[in-house]
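If you want the building blocks of each chain, they are given just below.
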Amino acid sequence: MPITESDIYKALEQVMDPEIPVLSVIDLGMITGVRLEEEGIHVKMIPTFSACPAVDYIKQNIRSTLEKELDAKVVVEIDKEATWNSNRMSADAHEKLKQFGIAPPQVQQGEERAEIELHTACPHCSSENTYLRSPFGSTLCRAIHYCRNCGYVFEHFKPLG
Amino acid sequence: MTKNDALARMLTAMADDALIQGHRNSEWTGLGPIMEEDIAFSSMAQDKIGHAWALYRILQEELGGEEPDSFAFLRNEKDYRCCHFVEYPNGEYDFSLMRHFLFDHAEAIRYQQLRESAFAPLRPLAEKLKGEIKYHTLHANAWIAQLCRAGEESYARMQSALNTCFPLALGIFEPDPEAGAILEAEGIYPGEAKLKEMWLDRVYNLCAAAGLNLPAESSVTPEYGGRKGYHTEYLQPLLEEMGAVFRSDPQATW
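If you read the sequences in order, they're chains X and B. Sequence positions in the first sequence follow this note's numbering and run 11 to 171. Sequence positions in the second sequence follow this note's numbering and run 1245 to 1498.
There's no promise every hint is true.
Unchecked claim - Ranges of calculated distance between the beta carbons of each label pair, as one might list FRET restraints:
| hint | chain 1 | residue 1 | chain 2 | residue 2 | range |
| --- | --- | --- | --- | --- | --- |
| 1 | B | R1319 | X | S136 | 38 to 46 Å |
| 2 | B | W1498 | X | K83 | 23 to 31 Å |
| 3 | B | R1446 | X | R158 | 27 to 35 Å |
| 4 | B | Q1390 | X | P63 | 26 to 34 Å |
| 5 | B | R1319 | X | D102 | 43 to 51 Å |
| 6 | X | A82 | B | G1431 | 17 to 25 Å |
| 7 | B | K1472 | X | V163 | 42 to 50 Å |
What the hints assert, rightly or not - Heads up, simulated EDC-like pairs for lysine to aspartate or glutamate below, C-alpha to C-alpha not over 20 Å straight-line:
| hint | chain 1 | residue 1 | chain 2 | residue 2 |
| --- | --- | --- | --- | --- |
| 8 | X | K108 | X | E138 |
| 9 | X | K54 | B | E1305 |
| 10 | X | K90 | B | D1420 |
| 11 | X | K78 | X | E138 |
| 12 | X | K108 | X | E29 |
| 13 | X | K54 | X | E91 |
| 14 | X | K54 | X | D17 |
| 15 | B | K1440 | B | E1461 |
| 16 | X | K90 | B | E1305 |
| 17 | X | K54 | X | D81 |
| 18 | X | K108 | X | E165 |
| 19 | X | K90 | B | E1461 |
| 20 | X | K90 | B | E1360 |
| 21 | X | K20 | X | E79 |
| 22 | B | K1440 | B | D1420 |
| 23 | X | K69 | X | E138 |
| 24 | X | K78 | X | D89 |
| 25 | X | K90 | B | E1311 |
Said to hold, decoys possible - Some chain X residues flagged as far from chain B (calculated, every beta-carbon gap over 10 Å):
| hint | residue |
| --- | --- |
| 26 | V44 |
| 27 | A82 |
| 28 | V84 |
| 29 | W94 |
| 30 | N95 |
| 31 | S137 |
| 32 | R143 |
| 33 | S148 |
Think of the hints as simulated: they come from the structure by calculation, not from any bench. Source: prediction; values computed, not measured. Where a beta carbon is used, it is the ideal one built from N, C-alpha and C, also for glycine.
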């Protein structure tokens, strides 16, 4: 049976982000296109942060997963036309992040807001009585907040415009 | 000078600034005064070096430049185009923070403008980097405001750091008349003088809100030279340390 685009997307759901292992490259909105050609499958992807150290690793994972699942030759390239922003993440991804203990990024509508400084909902108790402790955390995509309600320090996937 | 020569000059200066500032940021790793600051400077180091790499890659792919790693690590000192400001050692935390504040606002303004550049490969990158640098300026603004409210000594040190940094920061906008004229005419970017005006506007307001006096531009001598390849005594030792591992085996794959 010939491979279809939906087979490719389905297989890509198994490729997890190495830094946030509950999210797939599809959840994160990192895939900008797939193409089926004579010689194999072409996948175009974009990194979340430009200095993301995991890009090569993710490319390798995409290649090996698709090769294994679909038994085809695979080429993964970086899409230089597109840029990633946090609105590319699915609603499903927001829920998974929360379950994992990381506050999801606020959906951005405009420009230049200090949206992350206050009122990021705590993933543990849902209180918005929180404040930003540092815009930098354990990975480039995370910030650190403190919840005044339950007293937990929690991580937040930073909104990126 | 061709348009591509002018572009290469501009991109090299931007990338070298990011690379050297990134290296300086990384020198706080393990030494930050509190854990969050250690992490912040380490993260900003990672961002900056990633930004430098992205610019070197554009140089390579669009303008026939060298492979990014060799270009970053194997040039002679006089072939770097970074401004003096990023070369200075980290010094005390007040100097590091003030440099971070002034430098990152300059970068934020530059990338904001480059989103409209006539040089297409820069547009998506500028969009992306502007979003990332927002977190650098957010961090800097928070600390500048907080330390200016933290008592007499703290305030005095911030003002003194600002006085020291200001003429150095003006060196970010060192004019390059020949390349500048071409880049402006081609719609690549608005030119150093215009970027400097926008930057002065922005930092003046932020300083005023923190109670800091931004020195008058006419009262200081900007520290120029970096864009022409004349550097401070601090760059060569930095390059030796930064490139030591790479030079030990330039063919190694990682």
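Hint-by-hint comparison with the structure:
| no. | hint | in the structure |
| --- | --- | --- |
| 1 | B:R1319 with X:S136: 38 to 46 Å | violated (53 Å) |
| 2 | B:W1498 with X:K83: 23 to 31 Å | holds (25 Å) |
| 3 | B:R1446 with X:R158: 27 to 35 Å | holds (32 Å) |
| 4 | B:Q1390 with X:P63: 26 to 34 Å | holds (30 Å) |
| 5 | B:R1319 with X:D102: 43 to 51 Å | holds (47 Å) |
| 6 | X:A82 with B:G1431: 17 to 25 Å | violated (44 Å) |
| 7 | B:K1472 with X:V163: 42 to 50 Å | holds (48 Å) |
| 8 | X:K108 with X:E138 | holds (14 Å) |
| 9 | X:K54 with B:E1305 | holds (18 Å) |
| 10 | X:K90 with B:D1420 | violated (29 Å) |
| 11 | X:K78 with X:E138 | violated (44 Å) |
| 12 | X:K108 with X:E29 | holds (15 Å) |
| 13 | X:K54 with X:E91 | holds (10 Å) |
| 14 | X:K54 with X:D17 | holds (16 Å) |
| 15 | B:K1440 with B:E1461 | holds (11 Å) |
| 16 | X:K90 with B:E1305 | holds (12 Å) |
| 17 | X:K54 with X:D81 | holds (19 Å) |
| 18 | X:K108 with X:E165 | holds (10 Å) |
| 19 | X:K90 with B:E1461 | violated (40 Å) |
| 20 | X:K90 with B:E1360 | holds (16 Å) |
| 21 | X:K20 with X:E79 | holds (10 Å) |
| 22 | B:K1440 with B:D1420 | holds (13 Å) |
| 23 | X:K69 with X:E138 | violated (37 Å) |
| 24 | X:K78 with X:D89 | violated (23 Å) |
| 25 | X:K90 with B:E1311 | holds (18 Å) |
| 26 | V44 | holds (20 Å) |
| 27 | A82 | holds (27 Å) |
| 28 | V84 | holds (21 Å) |
| 29 | W94 | violated (7 Å) |
| 30 | N95 | violated (7 Å) |
| 31 | S137 | holds (21 Å) |
| 32 | R143 | violated (6 Å) |
| 33 | S148 | violated (7 Å) |
Hints 1, 6, 10, 11, 19, 23, 24, 29, 30, 32 and 33 from the earlier list are contradicted by this structure; the remaining hints agree with it.
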